[in-house]
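Given the structure of chain F, go ahead and fit chain B onto it with the hints provided.
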Amino acid sequence: MEIASTKKGNAVLIRLKGRMDVVTSSAFDQACDKIILGGDKSLVVDLGGLEYISSSGLRSVLALDKKLKGQGGKLLLCNLTGMVKEVFNISGFSSMFPTFDSAEAALAQIK
Amino acid sequence: MHKSSENGFARLKLPATLESLSRFQDFIRKQVQECRWPQDKLFKLQLALEEALVNVMKYAYPEGGSGWVEVGCRLEGRTHVWVEVRDGGRAFNPFDCEKPDLTSTLGQRKVGGLGIFLLQQMADHAAYRREHDMNILTLGFRLTGP
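Sequence lines, in order, name chains F and B.
Per the numbering used here, the first sequence runs over residues 7 to 117.
Per the numbering used here, the second sequence runs over residues 12 to 157.
To be clear, the hints were calculated from the coordinates, so they are not data collected in a lab.
It should be emphasised that the depicted structure is a prediction, and the values quoted were computed from it without experimental measurement.
Treat each hint with caution, since some may be false.
Unchecked claim - Capping the alpha-carbon separation at 27 angstroms, the derived lysine-lysine pairs in DSSO-like fashion look like this:
1) B:52 - F:23
2) F:117 - F:40
3) B:69 - F:72
Unchecked claim - Pulled from the structure, derived: some chain F residues nowhere near chain B, Cβ distances all over 12 angstroms:
4) 10
5) 14
6) 36
7) 45
8) 47
To be verified - Which bits of chain B does chain F cover? Going by a derived footprint, with three or more residues having C-beta under 8 angstroms, they are:
9) 26–36
10) 59–70
11) 126–133
Each residue gets a CB set at the ideal place from its N, CA and C atoms; glycine is no exception.
Bound-form chain F, shown alone (with noise of 0.2 angstroms):
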């Protein structure tokens, strides 16, 4: 899994491509830890280049959303599709977490 970030105002943008499984799920966590310790709080993550998620995958989203709520931050998704909407969507994901059709739009909501 590729994982790309920018810093977008006052929200960090990171771009997810491949797939999110138990393996490469830990290096997601490990890229939003240093992103925290950075000290930024809100994140927009781009999951439109990800093809496959599992639920290691949905646990660290779910651990990234409890870390930044903690810190008075949040967390904003956009651009699920495919298998990966679909994942979100059985496990009840989608209904738990604010998800925008793009980038921009999530963007849009940290000032």
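Quick look at chain B alone, frame taken from chain F:
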């Protein structure tokens, strides 16, 4: 590594550690290649397999112990794929677990049981049995329609 064939199942046996996961994924990918299934169906198979294997790799054996896990695969024409996951760990029926509460709010949310829930949603058939001191999980996948 141990590759074998038994009852029409091609089998691969590896240490029950997360490092083995990608080898099992490659093994299954090659086995089902000739079925030429659409990608979305293959993702379902891969997801169910990952959840089954992670369950064994994380919980079947005492921490720090070395155990094994074996994946078997059998094709029935191009429309049916049977996957069998066996391990020699403690007796554990994953379907005896409590179902995750999918309606709980984010703050209360617990993620335990989610993997097994996804596995059951992805597979068209899922059954557990305990035999010869092994946990045997059988997963069936069926391609329907054009």
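Hints, one by one, checked against the model:
Under the criterion of a C-alpha separation no larger than 27 angstroms, the hint pairing residue 52 of chain B with residue 23 of chain F is consistent with the structure, at around 20 angstroms. Restraint check for residue 117 of chain F and residue 40 of chain F: satisfied, since their Cα atoms lie roughly 22 angstroms apart, inside the 27 angstroms limit. Our distance criterion of 27 angstroms between C-alpha atoms is met by residue 69 of chain B and residue 72 of chain F, whose separation comes to about 23 angstroms. At roughly 22 angstroms, the least C-beta separation between residue 10 of chain F and chain B is larger than 12 angstroms, which holds for a residue marked as non-interface.
Residue-level check passed: residue 14 of chain F sits 24 angstroms from the nearest beta carbon of chain B, beyond 12 angstroms. Separation of residue 36 of chain F from chain B is adequate, the least Cβ-Cβ distance of about 16 angstroms exceeding the 12 angstroms criterion. Listed as outside the interface, residue 45 of chain F is consistent with that label: its C-beta sits roughly 24 angstroms from the nearest C-beta of chain B, beyond the 12 angstroms cut-off. At the 12 angstroms boundary, the C-beta of residue 47 of chain F stays outside the reach of chain B, the nearest C-beta of that chain being 17 angstroms off.
With a threshold of 8 angstroms between beta carbons, the proposed coverage of the region 26–36 of chain B by chain F holds, since 3 of its residues qualify and at least three are required. Taking a C-beta to C-beta cut-off of 8 angstroms, the region 59–70 of chain B contributes 3 residues in contact with chain F, enough for the three needed, and the coverage statement holds. For the region 126–133 of chain B, the stated coverage by chain F is satisfied: 4 residues place a CB nearer than 8 angstroms to a CB of that chain, which reaches the threshold of 3.
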